[in-house]
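Asks: With the hints as your guide, set chain B onto chain A.
Each chain, letter by letter, is given below.
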Amino acid sequence: MELENPLVEADALAFHFKTRSVFTGLDLRLAAGLTWLRGRNGRGKTTLLKLLGGALAPSGGSIRLNGLDSRRDALAYRRHTFYCGGEAPELDWLTAGEWLDLHLSLYRQADLPALQAHLDVFHIADVARQPVSGLSLGQYKKLQLSLALALRVQLLLIDEPFNGLDVQAVDILQEELARRETARASCIVLTSHLALRVTPTVTLDLDAQRGVAL
Amino acid sequence: MVVVHPYIRFRIRLTHHALAQLLARLRGSGEILALALGPALLGLLAVSALPPMFFASCPAPLALGLLILHAIAMSLPVALLRSRILPPAVQAWLMPLPVAPGLLLRASVLVSGLLVAPLALAYAGSLAIWLLQHGRPDWLHPLRATAGTLFSLLLTWACACGLLVRGALPAPSPARARAGGSDVYRARPQPGWGFLWRHLFWLPLWRRGSLAGLRQAALLGGTVVASAVWMIGPAMLPRPAGALMTSVLLVLFVHEADDALRAQLARLQGAMAGLPLPPGTLGWRARTTLLAGLAPALLALSAAGSAAGAWTHTAGYAWLALAWTMAPLLVCTPPFTARGRMALVAFFMLMLCATGSRVWN
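If you're matching them up, the sequences are chains A and B in order. Just so you know, numbering that gives the first Met the number 0 puts 209 at position 210 of the first sequence, and the rest follows in order with no gaps. Just so you know, numbering that gives the first Met the number 0 puts 222 at position 223 of the second sequence, and the rest follows in order with no gaps.
Same shape as in the complex, but just chain A:
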């Protein structure tokens, strides 16, 4: 796949778990817009998102975002990426407000009015004082999405964004994704087993990709 101005470049990407290999030399080029990452269960969609987000270190090869290497320039790289995923809160001792504050203190480029607007439109503006561990699956997903959509990052990685969302929230998210696909100001990579209403800029099928372990 050749792109004119790729934001993300992964070369000879390799990643192995202790018991199996996931990627054995994957080459990727991602540009601004919406990339729909598809593939059967266990093909490595979440692993790829975590590698692109800097949450996992590649076993081999490299990932660059606008020239920033995910390992060599780790801090600068991470400032420009955000991985939105996981259905069980990891920082489960925090309240929703503290969880947001923590992320806002780390990502200095955040659109606060947009965050508030997303919290309002998702009907979770009143959960700030509730522990994240007490939120429902859908509420936690909405909290993550509100933050993700407010961060001014170049690479946004969203893992199964529609899981647990109510119908209204799915509509809102689809509209937001369509708007961002048209604007093409940043690169969004999302995984979803549900069909997207918006036409993605690129569909990347891991089942048909070279460098993905069988």
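Calculated from the structure, these hints are not laboratory results. Don't take each hint at face value.
To be verified - Result set (SDA-like, lysine to any residue): computed pairs, CA atoms no more than 25 Å apart in a straight line:
| no. | chain 1 | residue 1 | chain 2 | residue 2 |
| --- | --- | --- | --- | --- |
| 1 | A | Lys17 | B | Ala270 |
| 2 | A | Lys17 | B | Gly166 |
| 3 | A | Lys17 | B | Gly279 |
| 4 | A | Lys17 | A | Asn65 |
| 5 | A | Lys17 | B | Leu267 |
Replies: Chain B only, in chain A's frame:
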């Protein structure tokens, strides 16, 4: 044949499991503790019933108050063990089951009995040693001492049972949900290490049923009281006893704080992996902050000792030097193995006890 209700069998099995897990965890360290502090532990067992025996010899109203306080204090370990004996996940699963209050009480009586049994054995041994020895102290009246010890033990059992019953009941729901904040994200949080420390290391000590903060606060309070007793040197307690208490509690406090920090760092490894934090700096910054937090306690102890004239001889200088080097060494050395770690902790306890007991000698 007595048929035990399955709920009671389940609770007892849960307790056995929790205690077995705890013993397995302490096995490595237990050998070192037994080797290093064996005689001191045996001594502690021998005097375990001394406080209730002594309190029982006081005038009636004072004796009653002291015995009640002692019994409550002795039930504190059950409060600390409660989350192991009835883990939150099991509690959440049990909550909707129709367990009758009488059944819950019977199960709690039996489980607390299991937990208090070692204390009962220690009291029995201690009572036998003190009552059967020749030339026992004048204040020791066998009947009153036995009755006082028995009263304290039964009250400890009742407190332990109450704690278990309370732990198994649903938590009271707040009277009214606090008003949620709307428009709360117009102001950006102040970035900085203090903010991160609070969110990542301080709050987890106190939330989600964690007792780590409580344990550290209790050990710090114990260290302060013990060091005050050591420096003041009341007539009824020899100075070396104060030195031993201060030394052991100080090392345990630092070890507990370090242990909690290491556990939290391991917990954060996955959660913080993709976030924009300078790689590798979280650990050393957290350790530096912990040491900075320990410094005021050590400074206060040094100042109190200086005012009491403790640091005027070689033993005093040695104790002070050991106390100040112990914290960075415990916090900054890799954990190696659980046994190696405990060897280091026991080494500092022994050295501090040995030098501390000679400070006023």
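Asks: Take the hints in turn and mark each one as holding or not.
Replies: Evaluated hints:
1. Distance check on the hinted pair: lysine 17 of chain A and alanine 270 of chain B sit about 20 Å apart at the alpha-carbon level, within 25 Å; holds.
2. Taken as a hint, the lysine 17 of chain A and glycine 166 of chain B pair is broken in the structure, with Cα atoms around 41 Å apart against an allowance of 25 Å.
3. For the hint linking lysine 17 of chain A to glycine 279 of chain B, the alpha-carbon distance of about 23 Å falls within 25 Å, and the restraint holds.
4. Pair hint lysine 17 of chain A plus asparagine 65 of chain A does not hold up; C-alpha atoms about 31 Å apart against a cutoff of 25 Å.
5. The hinted pair formed by lysine 17 of chain A and leucine 267 of chain B meets the criterion: a straight-line CA distance of about 21 Å does not exceed 25 Å.
In summary, the structure is inconsistent with hints 2, 4 from the numbered list given earlier, while agreeing with the others.
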